[in-house]
Amino acid sequence: MGITSLDNLLTGLDAWYERKKSRLDDDSEVLLPRERSIALRQQVAARDVPAPLLSFVRDELKEAIATWLSDPDAANVMVVLSRPVEPIAPVIEATLSGGNGLFDSYHTLLPCQHRPTDPSAIPLMLTSALDEALPPVADDGEVVIQSLPNLDQCFLRCIDGWSGIERLREVMLEHRNRFWLVGCNSWAWRFLDHVSQISSYFPEARTLPALNGAELREWLAPVANDLGLNQTDASPPDHHESSGEGANDTEPDQWIQLFELSCGSYRIASELWLGGLRLDPDDEGGKVRQSRPALPDLPSLKDEDRYLLHSLLIHGTMRRSHLAFGLGLPSHRLEPRIHRLLAEGVLQDSAGELSVMPAHYPCLVKELVNSNHFTGES
Amino acid sequence: MGRELLNVHRVLRPALITAAVVILPAVGRAETTRQRILAEVTLLKTISAVVAILLAIAGIFLIERLTSWLSEKVARRHRLLIKQSLPFLKGLILIVTVSYLLEQFLNLNQNNLLALSGTLAVALGFAFKDYVSSIIAGVVSLFEASYRVGDRVRVGEQYGEVVGYGLRSFQLLTPDDNTVTIPHNVLWTDPVSNANSGHLEAQVTTDVYFDHDVDVDLVMNILYQAAYSSQYTQLRLPVIVVMQEHLWGTQFKLRSYPIDARDEFVYRTDLLMRAKRAFAHRGLPYPRPQLSSLHHSEPQNRQAEQSGSPSS
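Here the protein sequences line up with chains A and B, keeping their order. The numbering of the first sequence is our numbering, which starts it at 1 and goes up by one. The numbering of the second sequence is our numbering, which starts it at 1 and goes up by one.
Heads up, a few of these hints could be off.
Keeping only pairs whose Cα atoms sit at most 20 Å apart, straight-line, the calculated SDA-like set for lysine to any residue is [as the list claims (entries may be wrong)]:
1. A:Lys-287 to A:Arg-36
2. B:Lys-129 to B:Val-186
3. A:Lys-302 to B:Ala-75
4. B:Lys-90 to B:Glu-201
5. A:Lys-302 to B:Ile-63
6. B:Lys-45 to B:Thr-97
7. A:Lys-366 to B:Ala-75
8. B:Lys-90 to B:Ile-63
9. B:Lys-73 to A:Glu-284
10. A:Lys-302 to B:Glu-201
11. A:Lys-366 to B:Gln-171
12. B:Lys-253 to B:Pro-285
13. A:Lys-366 to B:Val-186
14. B:Lys-73 to A:Ala-94
15. B:Lys-129 to B:Val-51
16. A:Lys-302 to B:Leu-70
17. A:Lys-366 to B:Leu-70
18. B:Lys-45 to B:Val-96
19. B:Lys-90 to B:Thr-181
20. B:Lys-276 to A:Asp-160
21. A:Lys-62 to A:Ala-94
22. B:Lys-276 to A:Phe-325
23. B:Lys-90 to B:Gln-171
24. B:Lys-129 to B:Ala-75
25. A:Lys-302 to B:Ser-71
26. B:Lys-276 to A:Arg-320
27. A:Lys-366 to B:Lys-253
28. A:Lys-302 to B:Glu-264
29. B:Lys-73 to A:Glu-304
30. B:Lys-253 to B:Pro-191
31. B:Lys-253 to B:Asp-213
32. B:Lys-73 to A:Asp-297
33. A:Lys-366 to B:Val-163
34. A:Lys-302 to A:Arg-320
35. B:Lys-73 to A:Pro-119
36. B:Lys-276 to B:Leu-237
37. A:Lys-287 to A:Arg-41
38. B:Lys-90 to B:Leu-106
These are calculated hints, taken from the structure and not from any lab test.
If we strip away everything but chain B, and leave its shape as in the complex, we get:
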C-alpha cells in the first residue's frame, strides 16, 4: 500500500509541479486584475452609493408624477411637450446615477473597460439578451420618435395613448381604460402605427354606408357640414370625404381632425349623430339587408383592389 502511494506520488509530482508553475501565476494575475478593476470599497462609498440609488428612484418617481400632473394642468398645446420630456429626464437621471456608481467602484481605464465590456457582453448575451434588446430599442425609439409619450399608437392588436416610457417597455392606455405594457424591442419586428406623431391632432375616419341609389352629392355635403359644424373639429386642417363602391352598397369615409386627439371617440360619435340626424331627415337609403351576404366577398374584393383591378 505504502509502496503504491509512493509510486503515485512519484508519478504525480512532476505534474503537480507543472500545474503549480502554470496555475499559481494565473491566479495571481487574476487577483491583480480584479484589484485593478475594482476600486477600494469603503463604508462611505457604500453609503453614498445607496443614497445615490435611493435619490435616483425618488427622482424618477417624482419626475413621473410631476410630468403627469403638470401636463394635464398646462395649456393643451404644451401638454405633449411636457409628456415627451419624461423619457429624456428619466434617462438623464439613470445616466448620472450609473456614471456616479461606476466612478465610485471601478477603476475605468482603457484596459479595464475592454475587460469589463467583454465580460458584460458574455453575461448579457446569454442571460439578459431580450432585456438589453429592449433597452437599446427604447433608446433608438427616443431618437427615431417612433412613439412618444402622449402619442396615439397601434402596436399589433393594441391601440391607445402612450402614457409611460420606461427603460424596458412603454405603457399604452387603451380606450377601455386598460394599461398595456409593451417591450420596446417590438420596434425591431412589429410595425408601429402612430396617429399623431407628437401633434395634438390625429385624423379620425368616420365610415357611413348607403345603398347604391343614394344621392352621393347630398351625402357628401352632409358629411362635410357635419365635420364643419362639430365643435371638436380642427378647422385649420383639411376635411375630406372619399367614397368606395362595394357589391352591397356605397361606403363614404369622412376624414377629419379633432382639436385634441384624445377626443377621437367622442368626436366620431358627434359626427355620426349629426350626420345620421340629417340622413334620417332626408330619408336617405341605407344598404339593403338582403345584400348583406355579399359582405363575405369583401376579402376577395380587397385583394382585387390591391392588385389594381377595379373594385366594382
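Isolated chain A (complex conformation):
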C-alpha cells in the first residue's frame, strides 16, 4: 500500500510538473480562435476509426467465430469493451461493414445509439427488440452475426433498469445458431457484472488495445498535414534549443508523451493534441504550432459531483432527465451541478446528451478511485 501511494504521489507530481512546464512553454503562444478550434474538432471527430482497432476486433472476431464453429460448446458471444469516452459503436459498425469473408451476413439488433426519452421505456427497448422474431439462419452452416453495438445505452441504473440485459443474456444463450457481437463501455460492463454477474455467462470480454505514439501520429496525420504541421513544427522551438537536439529526435518524444497521457485512447489523445495547438506568434498568416501535450487540471469536485460523474461514466452518454432519474434526484437539484461542470469543461453537451470530456478522463479516473468508487479501468 505504501509503495502504491508513493507511486501515485510521484505520478501526480510528474503530471503536475509537466502541466506547469507546458504552461510556461506556451505563455508566449496564442490559443486558436474558437471557430477554428471547433472546425478542427469536427474534422478529427469525422476521422475513421483507427485501423489498429479495427484489425484487433476483426482478428478477435475471426478467432472467436472459428472456435464457435469448431466447438459446439464454445461461447457464441464476443464482447468488446472500450472506455466511456471512446464510443464503441463506430468500431463495431466499421468492423461489420468491412468484414467480408468473416461471416455471411449480419444484423444489428438496436441501430439506435441513444436511450429513449422516457426512462421507464429503456429496459423495454431491449426486451421488445428481443421479443421480435430474430432473422432466420439457414441450416447450411451460414454464419450470421447478431450485433448490439451499444449495450451501455440499453440500461439505466434504477429499479428494473437492467431487466433488458438479463433478457438479452437468456436470448443469447438460447439462440446458439448465431454469433453475437456486443460492444459496451468497460464501466457499464463492470456495473452489470456487479448487479447481474453478466461476465459469468460469457467468455472474457476483449478490451480495445491502446494505440502507441506512432499509431496516434498516423491517425492524426491527415489533420496535422492540413494544418501544415510537419515534424519540424511539431515541437516547440524552446524545447529544441534547450535540449540541443534536432527536431527529428524530440518529435517522437511528444507522441510518446501523448500516448502516456492518453493511456493510448485515440479520443483522449486527439483532445490533448487539439488542446496543444497554438498560433505561431512569429507568423501573421495564422500558422499553427504544436505545443507539448498536457492533461488539463481537474477542478475541485464535491461528493455530489463525483456521484454524478460516476453515473455518467457508467452510462457513457445520458440525457439530463435520465441522469436525474438514475440518481433519484429532482432536476432542480441536479441542474446547478451540471451547469457548473459544463462551465468548468468537465462535461460536454452534444445534442442534449451529456458526457465526460475525454481530456479530463485520466484525472477523473484517479479522482474516483481515490474516492472509493469502482471504475472500469483494470
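Keeping the supplied structure of chain A fixed, place chain B upon it in accordance with the hints.
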C-alpha cells in the same frame, strides 16, 4: 510557679533531647533526598520549560487543525489514515515535552524513580484516580483500536463519528450535529460498538415492513435492486436481504454498505425512496393497522427468539 516550671523542664528535657536526636536527622535526610530528586532550578531552565510547554500547546493545536483540514482535503480513501494519526502525534508531543521537563527539573536515577513513583501513586490514587484511569484507557484504546478518529461508534446511548481524541476523553459528533465528550475509561465498563473499524464503509440496515400476504420474492427483488441502483452503494461489498416474521407482519432487512460511512443517513433515505416508489407502483400491502397492537408483544417475542424457540 517557678518550681512547677522547673519540674516540667526536668521531666520534658530527656523527652526533648530524645525527639531532637530522632527528628533532626530525619529532617536532614528528607532535605537531602529532596535536593537529590530535584535538580537545581535556574531562571534559564524555568524559561525553557515555559517555552517547551507553550510550544507543546501550540503544536497540539496546530496538529489538531492541520489533520482536521488535511483529512477533508485529501482523497476520501486517505481521510481516515490522516485522522487516525492525530492521537499518535498528540501523544508524541506530550511524551517529548514531559520527558524534557523531567530531564530539566529532576535527577532521575533508580532510587529517585522509586521514591517519585511511590509518591505519585499515592497522590494519583486518591486525587486523580478517574483521570489516570481515563488516560490509561485512552492509551490502551490506541493500541486495541476499539475506536479511532473517523470511526462511527455507539457508546451507551450516544452514536456518532469520533472527531476528537484527547488525553482524557474523545469527542463524538452525533447526527444531530452535537458534540458529545466521553471519557476513555468507559472502555473498562461499557461496550463500544464500532460500525466501520477504520474502514470507509459501514453496514447500513434498512428495515421495511409488510403484511403477511406480501409477495416476498418481489419485495426481495426490489430491495436488492434498490441497493444496486443507489449511487451511494459500495458494489464491491455484499448486499443481503433477510426477513423476519412477526405477529403483525413480515419484516425485511436490507443490509448494504455505502461508499462512505458518512453518507449513512442520506443513503438509507435514498434506498427507502427508491424502494417505496417501487412498492407503491406495485401496490404491495403494508401491515394492517388493526394488528399494530400486537407490536407490544415484541419483547416477549424477542426473548423467545433468543432462547431458541421459533418466533412465529
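Comparing the hints with the structure gives:
1. A:Lys-287 to A:Arg-36: holds, 12 Å
2. B:Lys-129 to B:Val-186: holds, 14 Å
3. A:Lys-302 to B:Ala-75: Holds. Lys-302 of chain A to Ala-75 of chain B sits at ~11 Å (cutoff 20 Å).
4. B:Lys-90 to B:Glu-201: violated, 26 Å
5. A:Lys-302 to B:Ile-63: Given that 20 Å is the threshold and the Cα spacing comes to 25 Å, the pair is violated.
6. B:Lys-45 to B:Thr-97: holds, 14 Å
7. A:Lys-366 to B:Ala-75: holds, 10 Å
8. B:Lys-90 to B:Ile-63: holds, 7 Å
9. B:Lys-73 to A:Glu-284: Violated - the C-alpha atoms of Glu-284 of chain A and Lys-73 of chain B are around 46 Å apart, more than 20 Å.
10. A:Lys-302 to B:Glu-201: Given that 20 Å is the threshold and the Cα spacing comes to 18 Å, the pair holds.
11. A:Lys-366 to B:Gln-171: violated, 33 Å
12. B:Lys-253 to B:Pro-285: holds, 17 Å
13. A:Lys-366 to B:Val-186: Cα-Cα ~41 Å, so violated.
14. B:Lys-73 to A:Ala-94: violated, 45 Å
15. B:Lys-129 to B:Val-51: violated, 29 Å
16. A:Lys-302 to B:Leu-70: Roughly 15 Å separates the two Cα atoms, so the pair holds.
17. A:Lys-366 to B:Leu-70: holds, 19 Å
18. B:Lys-45 to B:Val-96: holds, 16 Å
19. B:Lys-90 to B:Thr-181: holds, 18 Å
20. B:Lys-276 to A:Asp-160: Roughly 14 Å separates the two Cα atoms, so the pair holds.
21. A:Lys-62 to A:Ala-94: holds, 15 Å
22. B:Lys-276 to A:Phe-325: Judged against 20 Å, a Cα distance of about 15 Å means the pair holds.
23. B:Lys-90 to B:Gln-171: Given pair Lys-90 of chain B, Gln-171 of chain B holds - Cα atoms ~15 Å apart, limit 20 Å.
24. B:Lys-129 to B:Ala-75: violated, 42 Å
25. A:Lys-302 to B:Ser-71: holds, 14 Å
26. B:Lys-276 to A:Arg-320: violated, 23 Å
27. A:Lys-366 to B:Lys-253: Distance of about 34 Å is beyond 20 Å: violated.
28. A:Lys-302 to B:Glu-264: Distance ~17 Å between Lys-302 of chain A and Glu-264 of chain B Cα, so the pair holds.
29. B:Lys-73 to A:Glu-304: Holds, at about 15 Å.
30. B:Lys-253 to B:Pro-191: violated, 24 Å
31. B:Lys-253 to B:Asp-213: With Cα atoms ~17 Å apart, Lys-253 of chain B and Asp-213 of chain B stay inside 20 Å; holds.
32. B:Lys-73 to A:Asp-297: holds, 16 Å
33. A:Lys-366 to B:Val-163: violated, 27 Å
34. A:Lys-302 to A:Arg-320: Holds, at roughly 19 Å.
35. B:Lys-73 to A:Pro-119: Violated - the C-alpha atoms of Pro-119 of chain A and Lys-73 of chain B are around 36 Å apart, more than 20 Å.
36. B:Lys-276 to B:Leu-237: Violated, at roughly 23 Å.
37. A:Lys-287 to A:Arg-41: Holds, at about 17 Å.
38. B:Lys-90 to B:Leu-106: Not satisfied, since the Cα-Cα distance of roughly 24 Å exceeds 20 Å.
This entry does not satisfy hints 4, 5, 9, 11, 13, 14, 15, 24, 26, 27, 30, 33, 35, 36 and 38, going by the numbered hints stated previously.
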